[in-house]
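Enquirer: What follows is the residue order along each chain.
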Amino acid sequence: MTETRKNSILEALKGRLVSAYEFREELTLIVKKEDVRGVLRTLKETFSYDMLTDLCGVDLREPPRFAVVYHLHSMKYGDRIRVKVRVEDGDEVETVSDMWGCADWLEREAYDMFGIRFKGHPDLRRILLTDDFVGYPLRKDFPTEGYDFDRPFEVRLEEEMA
Amino acid sequence: MREYVSVLITLLFAGFIAALIVFLSHFLGERRPGKVKLAPYECGATTIGPTRRRLAIRYYLFAMLFLVFDIEVIFLYPWAVITRNLRLFGFFEMFVFILILFAGYLYVWKKGALEWE
Amino acid sequence: MGVEELERNIIVTSLERLVNWGRKYSIWPLTFGLACCALEFMVAGSASVDMARFGSEVARPSPRQADLMIVAGTLTKKMAPMVKRIYEQMAEPKWVIAFGACACTGGIFRTYNVVQGVDQIIPVDVYVPGCPPRPESFIAALIKIQEKIEKETVRERKLISIP
Chain Y
1 MTETRKNSIL EALKGRLVSA YEFREELTLI VKKEDVRGVL RTLKETFSYD
51 MLTDLCGVDL REPPRFAVVY HLHSMKYGDR IRVKVRVEDG DEVETVSDMW
101 GCADWLEREA YDMFGIRFKG HPDLRRILLT DDFVGYPLRK DFPTEGYDFD
151 RPFEVRLEEE MA
Chain R
1 MREYVSVLIT LLFAGFIAAL IVFLSHFLGE RRPGKVKLAP YECGATTIGP
51 TRRRLAIRYY LFAMLFLVFD IEVIFLYPWA VITRNLRLFG FFEMFVFILI
101 LFAGYLYVWK KGALEWE
Chain E
1 MGVEELERNI IVTSLERLVN WGRKYSIWPL TFGLACCALE FMVAGSASVD
51 MARFGSEVAR PSPRQADLMI VAGTLTKKMA PMVKRIYEQM AEPKWVIAFG
101 ACACTGGIFR TYNVVQGVDQ IIPVDVYVPG CPPRPESFIA ALIKIQEKIE
151 KETVRERKLI SIP
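Residue numbers (the working numbering), protein chains in the order written: chain Y, 1 to 162; chain R, 1 to 117; chain E, 1 to 163.
These are computed hints drawn from the structure, not numbers from a lab.
Everything numeric in this text was worked out from a predicted model, so none of it was measured.
Yeah, the Cβ is synthetic: ideal placement off N, Cα and C, and Gly gets one too.
A portion of the hints provided could be inaccurate.
Computed, partial: chain R to chain Y, Cβ under 8 Å [claimed, not checked]: (1) 21; (2) 35; (3) 40; (4) 46.
Simulated crosslink set (DSS-like; lysine-lysine; CA at most 25 Å straight-line) [as the list claims (entries may be wrong)]: (5) 32/Y with 14/Y; (6) 94/E with 84/E; (7) 14/Y with 44/Y; (8) 44/Y with 33/Y; (9) 119/Y with 76/Y; (10) 44/Y with 140/Y; (11) 32/Y with 84/Y; (12) 35/R with 84/E; (13) 78/E with 140/Y; (14) 37/R with 84/E; (15) 33/Y with 14/Y; (16) 77/E with 140/Y; (17) 78/E with 37/R; (18) 33/Y with 6/Y; (19) 144/E with 84/E; (20) 110/R with 94/E; (21) 37/R with 94/E; (22) 44/Y with 76/Y; (23) 94/E with 77/E; (24) 37/R with 77/E; (25) 119/Y with 33/Y; (26) 6/Y with 119/Y; (27) 94/E with 35/R; (28) 32/Y with 44/Y; (29) 144/E with 35/R; (30) 84/Y with 44/Y; (31) 76/Y with 140/Y.
To list a few chain Y residues with every Cβ distance to chain R over 12 Å, as calculated [unchecked claim]: (32) 12; (33) 73; (34) 74; (35) 149; (36) 157; (37) 159.
The whole structure should be built from the sequences, with the hints applied where relevant.
Expert: Encoded structure:
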């Protein structure tokens with residue numbers, strides 16, 4: 001990312017950032033939960049970051065507990081930027097699934113693994129685990145084997161249950 | 001006619017062998033039906049909605065039209081073999097025949113039966 | 001008088017041998033590759049290690065047309081009902097190979113979403129350890145299945161069932 005582009009981004013988002021840092025030519029912006037949609041919309045429309053490459057959750061164990069990380073990529077300029085937002089356990093973040101279509105399933109994965117809810121999401125339900133799974137596995141207090149590892153695994157098919 | 005008796009015997013024999021295999025496996029083979037086994041196959045998932053769809057009618061239409069014009073072509077072949085002997089009269093006879101079928105073809109075309117969509 | 005109560009005289013054993021010969025040299029596998037072990041299965045079907053010379057000419061995608069189900073790869077709890085359903089939809093006689101460490105016992109994945117071995121839900125005939133097993137191991141498993149079929153008797157599977 002060129003120095004001028006970085007400065008223009010920081011200038012345009014001046015009041016809305018909690019902090020920003022750069023490590024090895026990767027710029028990371030930390031924003032507040034309420035400003036997430038505004039900041040991402042500015043980045044998408046003004047600075048043409050038109051591709052969301054990843055949306056993931058992180059469990060940091062210290063309050064506010066979770067972080068949602070958005071990785072954006074600009075196909076026009078060929079550079080990337082990262083946006084982080086800290087969320088409390090039980091809080092909701094606004095969805096970006098109307099701005100980028102892939103955010104639909106990425107947010108479902110963040111919900112499935114961490115329990116982070118997204119306000120305004122069209123279909124927020126589990127995507128990788130079975131529908132009757134209890135718990136959010138990628139949280140740091142969830143054991144690797146799960147809670148019912150000792151019980152034998154059984155499968156009941158719907159046709160036989162009817 | 002005598003030469004074709006052997007063909008008939010071969011045909012009957014082949015039909016008998018095929019029927020024997022099918023009926024033997026039907027009556028002597030074991031059958032263990034189960035509820036899940038008879039359910040329609042959808043790569044392991046449960047089906048949503050009815051599993052049989054109606055086929056488009058245009059396949060049947062095209063097959064019928066093909067049959068009619070194929071029979072017409074079959075009539076053309078023996079005529080083509082002896083057309084020299086039939087001279088001008090035979091030529092016009094076949095011309096009238098094709099004309100009648102061509103009228104039918106024009107009707108089908110104008111009615112839109114040849115549209116695929 | 002059921003067929004199971006027949007004594008094993010020369011007619012029945014010869015018929016058994018004939019039927020088992022036919023069954024063991026024409027096993028059609030059902031491709032059920034779940035993860036990386038599926039690629040080793042694909043190599044076993046390709047030219048260098050050829051499973052077609054053992055009778056597994058075609059790998060059928062449909063359970064209705066296959067004899068041998070090869071579970072190759074990690075089985076997750078979300079996929080488990082589908083495996084069971086496809087196993088039930090196969091026609092008898094059918095056999096199962098658990099191919100790879102994850103299908104045998106869950107492999108290195110002692111986690112919340114991995115079934116610890118496919119034999120928790122379906123009966124398995126031959127286990128092939130390895131991560132992933134070499135394609136030659138697959139041929140060894142196929143030969144073991146053939147040996148198992150060779151020794152099948154009328155008591156386990158009926159030859160004919162008169163209605």
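Enquirer: Where does the structure disagree with the numbered hints, that is, which hint numbers, in rising order?
Expert: Violated: hints 1, 3, 9, 10, 20, 26, 29, 31, 36, 37.
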